Amino acid sequence: MYSTTGIEASNYVSTYNTAFYFIAGVSLLLLIGLTITMLYFVFRYNKKKNPVATQIEGNTFLEITWTVIPLVLALVMFSLGWSGWKSTTKPPKDAMNITVVARMWSFLFVYENGKQSPDLIVPVNTPVKINLVSLDVIHSLFIPDFRIKSDIIPGREKFMWFLPEIEGKYKIFCAEYCGLQHSYMHSTVNVMSKDKFKSWYAESAKAVTVAGNASPADIGEAIMRAQGCFACHTPDGTKLIGPSYFNLFGSQQTIIRDGKEMTVTVDPEYIKRCILQPNTDIVKGFPSTVMQSYRSTLSDNDILKIIEYLKTLNDK
Amino acid sequence: MSTQKNFEEPSYLEYKGKYKGIFSWILSTDHKRIAILYLFSLLTFFATGATLGLLMKLELIAPGKTIMTAQTYNAFFTLHGIIMIFAVVIPGLPAVFGNFLLPIMIGAKDVAFPRLNLLSWYFYVTGVTLVLISQFTGQGPPDTGWTFYAPYSFRTTGNMLPAVFGAFVLGFSSILTGLNFLVTIHRMRAPGMTWLKMPLFPWTLYATGWVQLLATPIIGITLLMIIAERTLHIGFFDPTLGGDPLLYQHLFWTYSHPAVYIMILPAMGAISEIIPTFCHKTIFGYNFIVASSIAIAFVGYFIWGHHMFTSGMSGTAQYVFSLLTFIVAIPSAIKVFNWIATMHKASIDLQTPFYWAVGFLFVFMIGGFSGLILGSLATDIHLHNTHFVVAHFHFIVFGGTGFAFFGAMHYWFPKITGKMYDSRWANTGLIIFFSGFITLYGEMFFLGMKGMPRRYYDYDEIFHTGNIFSSLGAVVMYFGLAVIIINLISSLRNGAKAPSDPWGGKTLEWTIPSPPPVENFEEIPVITKGPYNYK
Amino acid sequence: MKSIENEKNHIIPYKTFLYVLAVLIALTLTSVTLTQISLGALTVTIALIIAAIKSSFVLRIFMHLKFENKMFSRAVIGVIMLLCAVITVTLLDYLNR
Amino acid sequence: MSTILVTHRDDLASKTGMWLFLFTEMLLFGGLFIVYSVYRYRNPVAFHLAARELSVFIGTINTIILLISSTTIAMSITAIQKNNKKLALLLLGITVILGLAFLVNKYFEWGEHIKEHIYPGSSILALRGHGDVLFYGLYFFMTGLHALHIIIGLVFILVIATSILRDKINSENYVLLENSGLYWHLVDLIWIFLFPLFYLIT
Ligand code: HEA
Ligand code: HEA
Ligand code: CUA
Ligand SMILES: [Cu+2]
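Chains as they are written, first to last, in my numbering: chain A, 1 to 316; chain B, 1001 to 1535; chain C, 2001 to 2097; chain D, 3001 to 3202.
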């Protein structure tokens, strides 16, 4: 089948193909048939070849025929689509549970043992149930090679499930428009053998893995990559959606708190507040509701490392 | 039929009314002059929207940044969508050709409420102006897509209010036009013109009128709620206030799906006029075509949910919406079959409008069939919000309504302007346009199947080849359309004088001089026969 | 369509309106008292049924539908049914989630 | 240009137009009724409790006011048909006064709520939970939109009244009066549903 890799990578591919090939096949036949008929009439009953038209008002038998036949075809098309879709609502009981936390503009996958990963890592041939959580606007988790997609709607409990059948890496896209960086909101599914997955899963339950001798600042940077901070903030002074981190630490920042303007020094306290309650202190000139709290995904320890990293960004 | 009966009465183009110059147009309540006002404003907006489309395609020719930033791209497809949908294809055929021809085709001197008609045009222009204003004021242009989905639409810093209010005003204009046509058709048909002796174009306008009247208020109130939510912080759709973003989608599509039939029905009507005229043959299955228009309008009201298949509606809702989506394809099928049957044993005069009609049938079928693929649940889960959808709706909106619009333009051009155009150039333009069209949008089907999401400013390397083709198609198409438009414009000056019935049509508009006199008919005709009587 | 022309001058006596007003006010008060006593789930139904009865009086007498061309009443019924159908279809989603 | 085109008056056309316009109004509010039913279904308890805070007394008074005003405008059509210009004007005058009374009541009702910090966007309201926010959001929006319609209706009626004064509307030509009546009745109809939905169903 025509797709990113051409691989039938999940349980949905075959039901998708059945419905698709049937509808597309019937349509193509009808399209070709009707187009040829039409062109034939255009040539055969040209004014030159047929100077006088025969007046025909209609034919009820024909009308009924070409109502009933498409109706039957359409109903078959519908039922193929329905039966293919029905299974998406019924995850097997033994499915593995993973939660995706989507926000502008990153996905973060949270496993039952607390492990977090910006990529979706799953064992092959194991049903996976993903609980869909959005912190801000509607996103949509789309895995083309699995033929599956589900919107992630803030404030609603929802899930999707699938059975990955072939090992490999596949793309994940965000398929619901969610603002400026929508087209950069992507990730990867990594379908591993069960053994490999087990060892990955058992590794210390840290959010990110970095080399053993990494400094706290390096870990901080890795955490921020995993959490998607760089979608909105740059380390080099360029202004994206949020203020840049460049020369941020220790500087004086004009903020708006409770509608009043004031100046604060950027210290660890302030940064922590920015990350956990981003809507209390709003940096002047920036939108107030864009950044969402990271309370559910970052620990105090993580934040300390982030602060270490931010310190390294002052004038080099 | 072709003798010019009446020389005393000046044509609507020459008539000197109370006002002079431009005022004789923008203050005129003559349905024909209002139609021309619509035509010019609409073409301007169309050119704007099309240029935005071309620029978007140039951006997409390669991954990464080519000619604009992501912010600009997002603003462009939003503006492109709003202009094309609300300001071009929804008013399109009704406001231009409906206004000009509806009264003539049913043997009336004007629409029921001429002043209201002019008011609709003012609403129309105001609405678009508001949308355009939103681009240049406030904190940056709106960037939500034409669907204004909550909660993004009240999170964004983009300047939403004028755009949303502009869409609201455009909706108002659409309602007034529909209302006017309904009353006109009910009250002003010429004596003897029973419902089943009415030509098919007015019939589709009638069906459209009801949809405009009964669907547009829903989007009106929804847009007002978005405005209230943004300004007064009333919780309607914001999940942080307890609202349900899906309810917004329900309300939006409750209008916007019927709206696609507002776009296509008059197009089908125009095609139903063109085909019998050039076949010199009565239309096949008149009653069935009429019934199918009404069926489309009615069933089309209840299938909006097919835009929300991945949003997690209840299984029952998925079932009903998908089933009805397939049911609504049947009336379209009936129309297609009847049109083709009309060509059987006809005597076909191959003129430009007929080529457009044939082109329409071809692309409409492709668009419709791809609609079936999207209407099926298993496939839509994969294809939703990919470029497959973009291909579907350009095929059916641009290919359907757009082709019919250009067909109608070439069909009624002699009647409206009193001039003939050069059909060799017209056909050349059509061929260039058509090949550009297929390359541009055909490729998008494959991009969508591969999984390229829509509203993507930047894309993965795997989608590159397809996008190159598609973008080049856009350039070709741009040329084709320029040829077509330039040909028509130059015919205004240099074209030969048009007789009153250049094609041998049988509906009432061909019985009066071209261009029509101010009062259309010297004497209101009495109708005794059906509309396509070639015996 | 000809028959309408003669109905144009249908004059409704003042008294009719006053009777209708009395009925409407009575219905309003009934609805208020009925809903004040706890009837559980029935409350909604009763209140809406009474509202529907009231509106049919307004439509038929005040808005002349009773005396007007049938076309109008048919259209009104059609529109109301359409609205109900839309509400039902929307609720198909919510009631079955 | 319209003077030469429109040769005769078509009352039925103008009445048809008015009815069609009323249909759009019905659907406009219809959209809000959809929103109301969905949110009521999802927050039954909160809606139940919040509705209790509205004053049934003022609501009932306002309902009766509107019903009477509907009656008077309907009667004024009979009056004009019988060529009783004075009575027609008097009845219209009563209608207008009742309409204003309705608005005054509404003003005090809203005022009470706002005094208690119950209005959209209020942080005190937000503390009371989602159901209350939705209920009062809908309450203010729907009654507000309804009040806007009352104001439009009043202006419409005043314009008609001046036409009657100037004999432009008379026993031969009163379709505009009928149309304004239709509009006013629609406003009444909507209230007939708003009243139980917000005040009674507790
Ligand atoms: C003119 C406008 C127009 C028309 C007429 C249609 C017609 C149809 N549309 Fe389309 N549609 C749009 C404009 C239109 N659409 C737009 C603008 C969008 C995107 C909005 C957005 O998200 O921005 C869209 C999106 C859209 C979706 C949502 C996709 C998604 O987002 O996931 C779906 C899904 O069901 C759909 C289906 C259909 C169907 C089944 C028809 C049918 O009515 C088609 C019927 C016609 C035929 C089927 C062809 C003729 C028939 C025959 C020759 C006979 C044989 C027939 C059978 C065997 C049945 N459309
Ligand atoms: C009638 C409707 C209509 C029309 C005609 C078009 C026309 C075009 N559209 Fe359309 N498009 C939409 C309706 C339409 N579109 C809608 C509703 C959306 C969804 C928006 C959203 O997501 O919110 C969309 C989205 C959309 C996208 C998807 C964006 C994305 O999801 O990332 C793209 C991408 O390429 C695109 C391209 C084009 C192009 C290249 C053209 C055209 O430019 C095609 C070529 C046209 C011409 C070549 C005409 C040019 C000719 C002239 C200007 C004449 C010259 C004039 C004189 C000489 C006087 N459009
Ligand atoms: Cu997230 Cu698009
Ligand atoms: Cu649709």
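FYI, nobody ran anything at the bench for these hints, they're computed from the structure.
Don't take each hint at face value.
Unchecked claim - Calculated lysine-lysine pairs in the PhoX-like style (CA-CA distance at most 20 Å, straight line):
no., chain 1, residue 1, chain 2, residue 2
1, A, Lys47, B, Lys1345
2, B, Lys1197, B, Lys1535
3, B, Lys1065, A, Lys239
Stated by the list, open to error - Derived coverage of chain C by chain D (criterion: at least 3 residues anywhere in the stretch with Cβ under 8 Å from a Cβ of chain D; other residues may be distant):
no., region
4, 2014 to 2023
5, 2028 to 2034
6, 2051 to 2063
7, 2070 to 2079
8, 2083 to 2097
If you're wondering where the values come from, they're calculated on a predicted model, not measured in any experiment.
We put the CB at the ideal spot given by N, CA and C, even for glycine.
So, going through the hints one by one against the coordinates:
1. Lys47/A x Lys1345/B: With Cα atoms ~10 Å apart, Lys47/A and Lys1345/B stay inside 20 Å; holds.
2. Lys1197/B x Lys1535/B: Since the Cα atoms of Lys1197/B and Lys1535/B sit roughly 16 Å apart, the hinted pair holds (cutoff 20 Å).
3. Lys1065/B x Lys239/A: With Cα atoms ~17 Å apart, Lys1065/B and Lys239/A stay inside 20 Å; holds.
4. 2014 to 2023: Result for this restraint: holds, n = 5.
5. 2028 to 2034: n = 4 at 8 Å, threshold three: holds.
6. 2051 to 2063: holds (count 8)
7. 2070 to 2079: holds (count 4)
8. 2083 to 2097: Coverage by chain D holds here, the residue count being 7 at a Cβ distance below 8 Å.
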